[in-house]
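So the numbering used here is basically just the index in the sequence shown, starting at one, shifted up by 3.
Keep in mind the hints are simulated off the structure, nothing from the lab. Source: prediction; values computed, not measured. For every residue, glycine included, the Cβ atom is placed at its ideal position computed from N, Cα and C. Watch out, some of these pointers could steer you wrong.
[Said to hold, decoys possible] DSS-like mimics (lysine-lysine), calculated; alpha carbons at most 30 Å apart, straight line: (1) Lys203 to Lys109; (2) Lys71 to Lys291; (3) Lys384 to Lys396; (4) Lys337 to Lys33; (5) Lys114 to Lys38.
[As the list claims (entries may be wrong)] What follows is a set of in silico ranges between Cβ atoms, one per label pair, in the way DEER data are often shown: (6) Gly85 to Ser244: 56 to 64 Å; (7) Met137 to Glu361: 33 to 41 Å; (8) Lys396 to Gln342: 22 to 30 Å.
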Amino acid sequence: MPITSPRLTQESESHPSGKLFRWLWSYYLKSQTNKIAFALIFMTIQGSTLGALSYMIEPMFDEIFANKLTEALVWVGLTILGLFCLRGLAGFISTMIIVSVSERIKLNLQKDLMDHILTLDTMFFEVNSPGNIMERVLGDSDVVKMIWSGYIATGVRGCISIASLMFVAISIDPLWTLVTCLGIPLLVFPIIWLQRQIRKSTQIHRRASSETTVRLDEIFHGIHAIKLNLLENNQISRFVSKATESRRASIRAAGGNAAVPFLVDVVAGLGFLGLLILGGTEVINGEKTTGEFMSFFTAIVLMFDPFRRMSGLITAWQMTRVSLERVYVLLETKPNITQITKPETLDYTGDDLEIVFEDVAFSYPDLEVFDNLSFKIPPQKMTAIVGASGAGKTTVFNLLARIFDPTEGTVRIGGIDIKTMGLPELRG
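Using the sequences provided together with the hints, build the complete structure.
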């Protein structure tokens, strides 16, 4: 039976979002807790300023404009200016912290990927192309960093903004708030369907991107053979085919992601229609003031923007989740060749250092090299291994150094099975 190793080009199994996020938090976000806490403080300040701005609309209309208090305009204007400056400063500081955390996550993730990849045995690299592995280390890890900078940060900032604006809206009139938000439940089923479509398209896109990178790697490494055999057009055609598949999948995923803000805008339009009919009637009848209506209207207008962005995050998460799964699967890939906890050591002072291959068989995934191979190499003597190209001479040395393990049989040095020896003793 040939030895095998996971092919990363295959679609990875689906992992629950909660499991993936807990893994990401435990290994990469938790160590940045202090920075994240500071970022949350400034995001809270930034988000709450929207509520303060909308709240100031009511007294500005009902007291200053209605009573023609010209002298108060300067103070109100300065207060609004101060709120905008505070919002801008808080946004700048939180953004810089977010970028710092995101880049640290990316660096740590790439380092861990490289550390782990170099522990995998050679067969892993036999069945997975360098381009595919590079795409996971560079491409997917770059997407994963967006979980903090693009999703968590935007989600937290949006939740705070929505909460402060919702508080203002409810304090003015709970019924108006209910009417305005009646259409939100209609978004649930379309978003669930879009999530599935986006996830499927993103899987195709990431796989096609990996295959495109593989094509480039093979073209550049084999450029002499391509030119000697006039294969330029053939290689261009193969590259364009993969790149086109990636482009189409990317467009489908982006289309699904863009559909969510469109649906939110439709629901927002329905909400404003209900508000104008109900709220406008009450203002005309004198039941509510113009200031109350404008303050409520401002709060709802400001609230739908973060709500639109947060709704987009729900579907955008599916795109990032695919890359996170690909990275997670790579880090969970285990090497076939490991050494035992307490390896045996050779006695180099003794005379029994004979190398023995006993009934050894070895096959690559698509090629049998040899079967029932048995021979001995006596110590302190020169032994030559000869044979045609591809007969397995290099494989013998790879088995002796445990670059590969035989599918059957045993290799011993000095009477010790090399599987019980430490890898550094066999290599280096």
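Now the hints, each set against the structure:
no.	hint	in the structure
1	Lys203 to Lys109	holds (25 Å)
2	Lys71 to Lys291	holds (20 Å)
3	Lys384 to Lys396	holds (18 Å)
4	Lys337 to Lys33	holds (25 Å)
5	Lys114 to Lys38	holds (21 Å)
6	Gly85 to Ser244: 56 to 64 Å	holds (58 Å)
7	Met137 to Glu361: 33 to 41 Å	holds (40 Å)
8	Lys396 to Gln342: 22 to 30 Å	holds (25 Å)
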